[in-house]
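S.K.: Make the full structure from the sequences, and use the hints.
Protein chains: 6
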Amino acid sequence: MRPSGRANDALREVRLTRDYTKHAEGSVLVEFGDTKVLCNASVEVGVPRWLRGQGKGWVTAEYGMLPRATHTRGGREASRGKQGGRTLEIQRLIGRSLRAAVNLKKLGEFTITVDCDVIQADGGTRTASITGACVALIDAIHHMQRTRMIKSDPLKQLVASVSVGIYKGQPVVDLDYAEDSNADTDLNVVMTADGGLIEVQGTAEKAAFSRAEMNTMLDLAEQAGTQLFACQREALGLVE
Amino acid sequence: MRPSGRANDALREVRLTRDYTKHAEGSVLVEFGDTKVLCNASVEVGVPRWLRGQGKGWVTAEYGMLPRATHTRGGREASRGKQGGRTLEIQRLIGRSLRAAVNLKKLGEFTITVDCDVIQADGGTRTASITGACVALIDAIHHMQRTRMIKSDPLKQLVASVSVGIYKGQPVVDLDYAEDSNADTDLNVVMTADGGLIEVQGTAEKAAFSRAEMNTMLDLAEQAGTQLFACQREALGLVE
Amino acid sequence: MRPSGRANDALREVRLTRDYTKHAEGSVLVEFGDTKVLCNASVEVGVPRWLRGQGKGWVTAEYGMLPRATHTRGGREASRGKQGGRTLEIQRLIGRSLRAAVNLKKLGEFTITVDCDVIQADGGTRTASITGACVALIDAIHHMQRTRMIKSDPLKQLVASVSVGIYKGQPVVDLDYAEDSNADTDLNVVMTADGGLIEVQGTAEKAAFSRAEMNTMLDLAEQAGTQLFACQREALGLVE
Amino acid sequence: MRPSGRANDALREVRLTRDYTKHAEGSVLVEFGDTKVLCNASVEVGVPRWLRGQGKGWVTAEYGMLPRATHTRGGREASRGKQGGRTLEIQRLIGRSLRAAVNLKKLGEFTITVDCDVIQADGGTRTASITGACVALIDAIHHMQRTRMIKSDPLKQLVASVSVGIYKGQPVVDLDYAEDSNADTDLNVVMTADGGLIEVQGTAEKAAFSRAEMNTMLDLAEQAGTQLFACQREALGLVE
Amino acid sequence: MRPSGRANDALREVRLTRDYTKHAEGSVLVEFGDTKVLCNASVEVGVPRWLRGQGKGWVTAEYGMLPRATHTRGGREASRGKQGGRTLEIQRLIGRSLRAAVNLKKLGEFTITVDCDVIQADGGTRTASITGACVALIDAIHHMQRTRMIKSDPLKQLVASVSVGIYKGQPVVDLDYAEDSNADTDLNVVMTADGGLIEVQGTAEKAAFSRAEMNTMLDLAEQAGTQLFACQREALGLVE
Amino acid sequence: MRPSGRANDALREVRLTRDYTKHAEGSVLVEFGDTKVLCNASVEVGVPRWLRGQGKGWVTAEYGMLPRATHTRGGREASRGKQGGRTLEIQRLIGRSLRAAVNLKKLGEFTITVDCDVIQADGGTRTASITGACVALIDAIHHMQRTRMIKSDPLKQLVASVSVGIYKGQPVVDLDYAEDSNADTDLNVVMTADGGLIEVQGTAEKAAFSRAEMNTMLDLAEQAGTQLFACQREALGLVE
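Protein chains in written order, with full-length UniProt numbering: chain A, 1 to 240; chain B, 1 to 240; chain C, 1 to 240; chain D, 1 to 240; chain E, 1 to 240; chain F, 1 to 240.
It is possible that some hints are incorrect.
Where chains are identical, the list cannot tell them apart; a pair therefore holds if satisfied intra-copy or between any two copies.
[Said to hold, decoys possible] In silico DSS-like links for lysine-lysine, alpha-carbon gap of 25 Å or less: (1) Lys82 <-> Lys106; (2) Lys156 <-> Lys56; (3) Lys56 <-> Lys82; (4) Lys56 <-> Lys206; (5) Lys206 <-> Lys105; (6) Lys105 <-> Lys156; (7) Lys82 <-> Lys151; (8) Lys206 <-> Lys151; (9) Lys56 <-> Lys168; (10) Lys206 <-> Lys156; (11) Lys206 <-> Lys106.
For the record, the hints were derived by calculation from the structure and aren't laboratory data. Note that the structure is a prediction, hence the values are computed from the model and not measured.
M.R.: If you want it as structure tokens, here you go:
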């Protein structure tokens with residue numbers, strides 16, 4: 001039995017609230033149950049130095065956690081003077097995932113930065129971030145089209161992400177904090193709407209996992225992906 | 001005429017939403033119109049090194065702005081590796097203001113840190129932060145009393161804050177961004193519910209201001225204070 | 001009775017020594033009693049990036065305290081790897097105050113940086129810094145005129161600063177360290193020679209202060225301002 | 001055809017040279033073809049603060065690349081003042097992988113730090129690091145046993161790692177730089193000698209990958225694992 | 001002919017002003033002509049961690065240059081967030097030199113830190129610093145004796161320092177900036193009053209130097225040492 | 001008797017292995033007995049900002065020590081966020097020494113950076129670094145000539161370095177760690193092949209040293225230089 005009483009293949013309630021703040025070109029509050037992340041996409045003219053003059057755009061992400069998003073207060077990274085390894089690892093993952101959604105050549109020499117700031121954490125902040133950031137990214141792209149910054153459509157596909165794991169010997173999807181902190185294995189999967197895999201990051205927290213367990217977990221992730229893409233399409237008002 | 005159409009002595013709508021997040025001992029979303037700040041108060045055992053062994057507590061604050069809380073994206077301080085001067089100045093102001101609300105001797109050797117993170121900025125983030133942080137602080141104190149961490153009541157008084165300024169020659173209260181960025185003078189006032197002044201920080205942005213102007217501005221602040229304290233009491237369910 | 005035996009409205013002896021070092025375009029040692037600050041104004045071609053191409057100049061300040069300017073040795077900020085919040089707050093205050101003295105459009109695309117380094121601290125280092133920095137700034141402007149870097153006169157007015165406070169229930173001016181560390185209220189005032197206010201920063205250190213107390217303190221500051229401007233004029237050899 | 005002419009399932013030549021330097025308790029130069037990493041395991045008394053008093057040990061890793069380990073010189077992280085995201089990500093991966101090899105309770109309150117410094121890079125530095133670091137770790141454990149620091153054997157199992165990928169549509173193992181920089185997909189696998197998976201990190205560099213491709217890649221990794229564990233056993237003089 | 005008109009073996013005027021500031025246990029302004037350095041010695045209870053429990057004391061130094069001590073303004077190290085290599089090199093040199101003056105065992109578990117801050121630079125700041133810091137150190141030791149912090153006398157000997165160099169083919173002593181920036185060779189010598197050498201740091205700025213040149217320079221330094229020790233003794237009121 | 005049994009004037013075995021790694025334009029492993037330093041010279045187009053447009057090149061060095069190059073593990077400087085004073089001092093010394101070998105005008109607007117990374121330390125890492133870096137520098141210059149980046153020969157002369165010291169009252173050359181950590185005096189000498197001195201850095205570790213001792217040490221260094229230049233020439237295949 002999962003602490004939340006959910007079935008092994010049941011996601012937490014997923015909510016995607018667009019236009020959550022007023023300044024960003026795309027602003028989405030994503031909620032996976034009690035995990036709440038604000039995803040703000042900002043469009044800026046120009047690209048990083050190493051990409052200049054190639055006519056291509058750039059998509060990147062930054063991730064942060066409010067100090068008291070967690071059970072006990074974590075130090076403020078701005079005050080400590082550096083971002084921790086976990087933060088950098090997650091924001092690199094989000095950035096790579098979002099770039100898989102976009103044709104950078106069609107984006108032109110613009111940079112879209114998606115800031116994912118965790119307001120409240122209850123497990124799965126990186127997967128919620130990717131799922132919400134994709135919607136914010138699309139809103140930012142729509143803004144660019146509406147304001148004639150770009151004419152073509154650089155969006156290639158939707159991307160979404162979910163965690164799966166082995167908890168008390170059972171494969172489960174979308175682990176909350178109570179599960180995540182006691183799981184044997186934790187696997188984060190980033191998927192495209194057409195069934196492809198973008199990132200698979202599995203970690204044996206307690207015991208090694210087998211190929212068979214990995215396959216079961218990927219099955220669960222695939223199934224969850226279908227629901228997440230439906231949530232994204234509904235939030236965006238896309239006809240399925 | 002003010003850009004918002006407000007009367008010179010009219011505050012924006014003030015909202016104080018308690019229990020905004022679930023982990024913090026006190027968690028308040030404060031809104032002054034479109035300015036939205038999440039104020040999370042965390043209780044921790046112990047005090048800073050220089051205060052140890054005196055039986056006194058400590059109250060401090062940290063302030064941050066989400067990168068896209070503003071019209072254009074600001075760099076993430078955690079990524080730049082240091083907090084800017086403005087950030088440090090504001091969090092020192094919030095900390096001093098909150099300490100004026102509390103009898104540190106009655107608090108015992110505990111530290112309450114109030115994190116004020118700006119979700120959306122539209123002028124007056126520091127005054128909204130102080131006003132909201134005071135409510136979060138009180139919720140944290142109540143939590144300490146309920147859980148028997150302390151027996152006495154360390155709260156001395158409510159504190160609240162508002163900005164006043166000279167905008168196009170007129171004294172106005174609670175400046176939004178459109179006013180703030182064009183004001184001649186900007187004065188932030190921190191007050192106690194019994195009419196005392198805790199902090200007065202006035203800056204001539206364009207032209208020097210006179211004693212007479214200062215007095216008019218302080219009158220406006222005093223009047224606004226009455227309303228802010230009423231909002232705080234209502235949010236806290238205190239009988240007036 | 002004040003620790004120094006001064007009357008409540010008596011400044012410490014104020015000395016402004018010009019040309020204190022030989023390299024800076026303006027170099028002033030300012031002394032408010034035992035508080036000694038070296039103010040060096042440097043003229044550099046060009047302005048910060050965000051101001052380029054507008055034909056305007058920039059005036060800014062940096063503040064530091066020698067490690068043993070104080071009773072006990074403070075850590076060297078260069079060695080700790082960052083400037084503290086107090087330092088940043090003070091140098092921002094000095095910079096804003098000096099910009100009030102200058103018409104930046106008439107300055108042309110030059111930057112004047114005034115370094116205020118505290119040689120010996122005995123209370124009031126920020127107010128002494130502003131008072132001395134203004135003289136160093138003027139010497140730097142004169143240097144620019146003499147060397148034909150600029151033709152017009154960008155100086156708008158003199159600015160000076162003094163602290164006032166409530167010490168043992170009495171309003172007093174120009175607090176030294178013995179008073180400052182025990183004052184109920186501390187108010188730093190930056191003024192222009194024609195009676196205007198540039199900055200007013202009041203802090204209740206122990207108890208809140210009233211409007212009446214504030215007014216008394218501002219009266220004291222105004223009176224002290226008259227003496228400080230006379231000192232500046234005398235040091236500069238200006239006919240009054 | 002692979003640039004190196006290797007068969008799709010062929011590893012580069014793997015060499016593990018023990019006692020490469022004289023000070024470290026375990027010192028191994030690992031070579032995967034032209035990729036050369038020096039893995040030094042250091043034993044220190046005590047554990048990080050958060051683990052103290054539990055009677056458990058700690059195993060961690062740090063990773064670095066000499067500035068000219070690569071085709072063009074990379075900036076020295078010590079000089080830039082921070083470790084990059086890639087560095088932190090890799091050293092966290094190595095640390096987690098090594099901890100899977102050890103029973104921390106049997107280690108006692110000691111910390112083993114394995115420094116993996118890349119002398120020459122030609123793709124696969126993280127997988128070579130893990131494979132070599134495991135041998136250095138075992139040498140350090142043997143040193144602890146010989147010098148009676150510990151009596152029991154904290155080693156649970158060997159761990160080794162290899163990269164697999166899709167290069168020009170073909171699944172290949174142990175990608176060198178020429179392949180790695182042009183691969184469609186890159187998958188790093190950390191395995192235990194008994195067939196378990198410790199870490200699986202797959203990234204779609206160009207196009208999404210399918211479940212079928214993932215399975216083929218994992219097959220290749222498993223097969224390569226057999227060879228790597230044989231190399232480790234041979235280097236350690238373990239009877240198979 | 002030297003730019004200053006001095007003879008090759010002539011020092012600039014050396015002034016040592018004791019009690020220059022009021023807080024430090026030893027406070028000396030040292031002037032070598034236009035080079036002016038404030039040397040403040042601070043006594044603190046305790047020693048660095050690595051020295052604890054051995055009953056020995058520690059003497060160390062920190063060095064800084066005010067931003068406008070030089071012809072053109074140098075960036076403030078506190079603001080840049082780190083001390084430069086030159087600064088660290090010089091403060092390590094001063095520290096080693098001062099430790100040669102003191103018997104650390106007789107000092108007891110106290111730390112004396114001498115801060116050398118350059119008010120005005122005109123060449124030779126490190127040699128002036130050492131010469132002045134030695135006097136400040138002795139004043140701090142006397143303070144410790146007067147206040148009964150120590151009973152014995154930890155002072156072993158006076159140390160002083162001077163630069164010598166080859167300027168336009170001529171060996172010269174105590175180079176000022178005009179010479180230093182054009183010298184072929186620069187040699188800094190730290191000496192003890194009984195004729196011993198503590199530090200010899202020679203650098204060929206333009207062309208290599210010969211053993212013969214080195215000997216001539218050391219002769220000049222020795223001769224200058226005699227004068228510097230006389231200055232120190234006179235400043236300290238020591239009977240020669 | 002020296003710990004190693006060497007005669008007072010005997011160097012450790014010196015080995016210079018060229019082409020030690022494959023990417024750098026010059027790559028030399030230098031060994032002075034058990035001290036092993038990898039010296040990689042990198043050629044980059046362009047020069048530092050302050051040198052641009054003068055048609056001159058630049059030669060610089062960076063120095064690092066692998067964390068476990070020493071008896072006990074030292075913290076990784078990249079992880080601590082700054083290079084220590086010793087590191088900066090050594091890399092400045094190496095850079096200055098190498099620039100003495102090269103005519104920067106003939107180098108053209110290229111920068112050669114020599115990274116000296118200590119693989120294993122046993123005393124004399126800075127002198128071994130200079131001796132090896134000179135060979136790497138020459139290989140990099142030859143690479144530039146072969147690839148027609150430059151036509152003329154910017155090499156002026158060979159430079160090499162050795163330490164000498166007073167150990168147990170005896171002057172000795174090329175101190176290993178056992179000697180270095182107990183020496184009375186330590187003198188590092190950088191020489192040119194034609195008998196000139198580039199750098200002389202002597203430090204009295206325990207007792208002051210005399211002119212006579214200094215001369216004896218310099219004699220030893222000169223003699224050792226002859227052997228080091230022979231090693232360099234042999235490694236480079238230069239006809240003597």
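S.K.: Against this structure, judge whether each hint is valid.
M.R.: To see whether the hints hold, each was checked on the structure:
1. Taking the closest pair of Cα atoms, Lys82 and Lys106 never come within 25 Å of each other, the shortest separation being 34 Å inside a single copy and 34 Å across copies.
2. For the homomeric pair Lys156 and Lys56, the shortest alpha-carbon distance inside one copy (15 Å) is at most 25 Å, but the shortest distance between copies (47 Å) is not.
3. Taking the closest pair of Cα atoms, Lys56 and Lys82 never come within 25 Å of each other, the shortest separation being 30 Å inside a single copy and 29 Å across copies.
4. Proximity of Lys56 and Lys206 under a CA criterion of 25 Å is satisfied inter-copy only: 15 Å between copies versus 43 Å inside one chain copy.
5. Taking the shortest alpha-carbon separations for Lys206 and Lys105, only the inter-copy value of 13 Å comes in at or below 25 Å, while the best intra-copy value is 43 Å.
6. In this homomeric assembly, Lys105 and Lys156 come within 25 Å of each other (Cα to Cα) only inside a single copy, at 11 Å, whereas the closest approach across copies is 49 Å.
7. Taking the shortest Cα distances, Lys82 and Lys151 never come within 25 Å of each other, neither inside one copy (39 Å) nor across copies (39 Å).
8. For the homomeric pair Lys206 and Lys151, the shortest alpha-carbon distance between copies (24 Å) is at most 25 Å, but the shortest distance inside one copy (50 Å) is not.
9. In this assembly of identical chains, the alpha carbons of Lys56 and Lys168 lie at most 25 Å apart only when taken from different copies (24 Å versus 47 Å within one copy).
10. With identical chains, the CA atoms of Lys206 and Lys156 are at most 25 Å apart between copies only, with a shortest distance of 12 Å across copies and 38 Å within one.
11. When the C-alpha separation of Lys206 and Lys106 is checked against a cutoff of 25 Å, the pair qualifies only between copies, where the shortest distance is 16 Å, while the shortest distance within a copy is 44 Å.
Violation of the numbered hints given earlier is confined to hints 1, 3 and 7; the remaining hints are satisfied by the structure.
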